[in-house]
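Trainee: The chain contents come next:
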Amino acid sequence: MPAKIVVQDINKAFASDQGPLPVLERLSFSVDDGELVAVVGPSGCGKSTLLNVIAGFERPDQGLVTIDGAESVRPSAQGILISQHGSVFPWLTVQQNLMFGLNGRVYGERETLADHYAAMVGLKGFEASYPHELSGGMLKRAELARALVVKPEILYMDEPFSALDALLNLRMRNELLRILSEERHTVVLVTHDVEEAIHLADRILVLSSRPATLQAVFDVPFPHPRKLSSPAVQELKVAILRELGVDGDSA
Amino acid sequence: MERLKRLLPSVTVMALLVGAWWLIVAATRSVIFPTPWQVLAGALELARSGVLWEHIGASLFRVGSGFLLAVAFAVPLGLWMGWVRGAFATLNPIFQMLRPISPIAWIPIAILWFGVGNASPIFLIFISSVFPMVVQTTSGVHTIERRYLRAAGNFGVSRATLFRKVVIPAALPQVIVGMRIGLGVAWLVVVAAEMIALRSGLGYLIIDSRNAGNRYDLVIAAMIIIGLIGLLLDGLMRLLEGLKAVEWRYAR
Numbered sequence: 001m002p003a004k005i006v007v008q009d010i011n012k013a014f015a016s017d018q019g020p021l022p023v024l025e026r027l028s029f030s031v032d033d034g035e036l037v038a039v040v041g042p043s044g045c046g047k048s049t050l051l052n053v054i055a056g057f058e059r060p061d062q063g064l065v066t067i068d069g070a071e072s073v074r075p076s077a078q079g080i081l082i083s084q085h086g087s088v089f090p091w092l093t094v095q096q097n098l099m100f101g102l103n104g105r106v107y108g109e110r111e112t113l114a115d116h117y118a119a120m121v122g123l124k125g126f127e128a129s130y131p132h133e134l135s136g137g138m139l140k141r142a143e144l145a146r147a148l149v150v151k152p153e154i155l156y157m158d159e160p161f162s163a164l165d166a167l168l169n170l171r172m173r174n175e176l177l178r179i180l181s182e183e184r185h186t187v188v189l190v191t192h193d194v195e196e197a198i199h200l201a202d203r204i205l206v207l208s209s210r211p212a213t214l215q216a217v218f219d220v221p222f223p224h225p226r227k228l229s230s231p232a233v234q235e236l237k238v239a240i241l242r243e244l245g246v247d248g249d250s251a
Numbered sequence: 001m002e003r004l005k006r007l008l009p010s011v012t013v014m015a016l017l018v019g020a021w022w023l024i025v026a027a028t029r030s031v032i033f034p035t036p037w038q039v040l041a042g043a044l045e046l047a048r049s050g051v052l053w054e055h056i057g058a059s060l061f062r063v064g065s066g067f068l069l070a071v072a073f074a075v076p077l078g079l080w081m082g083w084v085r086g087a088f089a090t091l092n093p094i095f096q097m098l099r100p101i102s103p104i105a106w107i108p109i110a111i112l113w114f115g116v117g118n119a120s121p122i123f124l125i126f127i128s129s130v131f132p133m134v135v136q137t138t139s140g141v142h143t144i145e146r147r148y149l150r151a152a153g154n155f156g157v158s159r160a161t162l163f164r165k166v167v168i169p170a171a172l173p174q175v176i177v178g179m180r181i182g183l184g185v186a187w188l189v190v191v192a193a194e195m196i197a198l199r200s201g202l203g204y205l206i207i208d209s210r211n212a213g214n215r216y217d218l219v220i221a222a223m224i225i226i227g228l229i230g231l232l233l234d235g236l237m238r239l240l241e242g243l244k245a246v247e248w249r250y251a252r
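Line order of the protein sequences matches chains A and B.
In terms of our numbering, the first sequence opens at residue 1 and continues consecutively.
In terms of our numbering, the second sequence opens at residue 1 and continues consecutively.
A hint or two may mislead.
Stated by the list, open to error - Below are the DSSO-like pairs computed for lysine-lysine, each with C-alpha atoms no more than 27 Å apart in a straight line:
| hint | chain 1 | residue 1 | chain 2 | residue 2 |
| --- | --- | --- | --- | --- |
| 1 | A | Lys124 | B | Lys244 |
| 2 | A | Lys124 | A | Lys151 |
| 3 | B | Lys165 | A | Lys151 |
| 4 | B | Lys165 | B | Lys244 |
| 5 | A | Lys124 | B | Lys165 |
| 6 | A | Lys227 | A | Lys237 |
No lab work stands behind these hints, which were simulated from the structure alone.
Quantities reported herein were computed from a predicted structural model and do not represent experimental measurements.
Take these sequences, add in the hints, and give me the full structure.
Mentor: Next comes the structure, spelled out in structure tokens:
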């Protein structure tokens with residue numbers, strides 16, 4: 001099976017007062033179709049920048065990102081980015097938000113699709129609500145549904161659940177897994193939460209601190225549903241944390 | 001009941017002020033400065049004869065016309081200046097320079113261009129309310145959070161859709177703030193605008209009452225009515241802030 005996303009030798013630096021500040025350095029990896037790859041790394045290492053480059057919001061200084069063999073030069077509905085802070089439009093209702101990306105379709109069809117996905121993420125009955133009337137968890141669901149409704153091939157998730165409390169975070173992970181089992185997406189998940197990565201991902205890439213290089217790759221061989229307290233999971237967690245420079249015992 | 005409780009302090013202070021005014025006028029035996037009772041009687045007399053309503057109607061018509069013209073001009077222009085960098089760079093310095101000029105300073109030019117009919121005060125009101133609305137609308141577009149523009153870009157919508165479905169609604173709360181300021185200034189200026197020889201309006205009423213026999217009861221009555229109508233107009237603009245589509249900006 002050919003890879004869905006191929007990242008080849010990309011470099012990226014930001015301009016600063018002290019000259020260019022390298023953020024990504026010679027990064028290469030690929031993501032298979034339907035695979036969920038998590039990217040973990042120390043905070044500020046350039047994980048979000050990497051995601052922006054893959055999604056086409058930013059261009060690498062050197063190197064190439066291809067999706068299905070074509071260079072990723074601008075964002076498109078083929079891959080939707082879900083960011084940490086959320087971007088559900090506050091001036092539109094949940095339903096209008098979900099219909100936002102569905103232009104060029106018949107009106108009735110758009111509503112049906114929007115309501116289907118609202119129900120899928122558990123927002124049935126809230127279609128006419130405005131975002132400021134929703135809780136944090138419901139906002140995340142709306143954001144997820146708005147991405148899913150355009151049937152993107154790829155979901156880019158940048159710390160999607162990190163602003164939620166621990167319980168809600170766990171619940172949203174399970175929801176995501178349920179949705180992904182219904183609709184096959186390729187997912188690139190950026191997170192600082194190693195446990196979240198193990199819970200969700202098929203493969204975990206560990207980045208070094210800035211400038212980010214690919215430091216280690218872990219396969220996550222456990223079948224879903226995963227039991228996070230199992231010794232094998234704990235062992236993997238310790239190994240990943242060790243790569244991140246955290247002593248396993250204290251974590 | 002709760003509302004009453006909240007209003008109680010300000011109503012008390014108001015009553016005290018009116019009482020003090022009455023006492024002072026009575027104590028000084030002023031023949032020109034009226035007591036609150038004389039002001040009320042004067043206002044009632046004007047209301048009964050129908051003259052008061054004509055003046056109020058004339059002022060509201062001028063403010064309404066000037067303000068609506070300003071909205072029609074300022075909102076599209078502000079959106080354009082906010083969205084197109086070149087438009088902002090070109091026009092903003094001009095507006096920043098025109099903005100601090102008091103509308104009163106435009107009176108001679110207004111008379112020169114529009115004579116002494118209704119067009120002059122409408123022009124002055126237009127001038128006074130157009131600048132705050134341009135500035136607020138422009139800043140409304142400038143302060144749109146990037147994450148919303150990025151998200152919209154991610155869905156691959158056209159630039160026209162982006163403008164219609166993201167830029168305009170995102171800037172709308174600021175546009176409404178601008179309209180509130182604009183209408184406030186417009187009402188503030190109406191008195192001065194009506195001092196140019198016109199035969200109607202609350203501003204005219206003030207000047208005419210003084211000139212025609214020192215009727216200070218009517219001067220003060222007109223002032224109070226101007227205050228009350230201004231309060232009412234602001235209340236109307238506040239209703240716009242309760243619209244569902246802009247509530248997100250004001251809530252919290």
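Trainee: Now tell me if each hint is right for this structure.
Mentor: Structure-based check of each hint:
Between lysine 124 of chain A and lysine 244 of chain B the alpha-carbon distance is near 20 Å, which keeps this suggested pair within the 27 Å criterion. Of the pairs offered as hints, the one joining lysine 124 of chain A and lysine 151 of chain A holds, with about 19 Å between alpha carbons and a cut-off of 27 Å not exceeded. The hinted pair formed by lysine 165 of chain B and lysine 151 of chain A meets the criterion: a straight-line CA distance of about 21 Å does not exceed 27 Å. Annotation: proposed proximity of lysine 165 of chain B to lysine 244 of chain B holds, straight-line Cα distance about 15 Å (limit 27 Å).
A hinted pair counts as satisfied when its Cα atoms are at most 27 Å apart, and lysine 124 of chain A with lysine 165 of chain B qualifies at roughly 24 Å. Distance check on the hinted pair: lysine 227 of chain A and lysine 237 of chain A sit about 13 Å apart at the alpha-carbon level, within 27 Å; holds.
Checked against the numbered hints listed earlier, the structure breaks none of them; every hint is satisfied.
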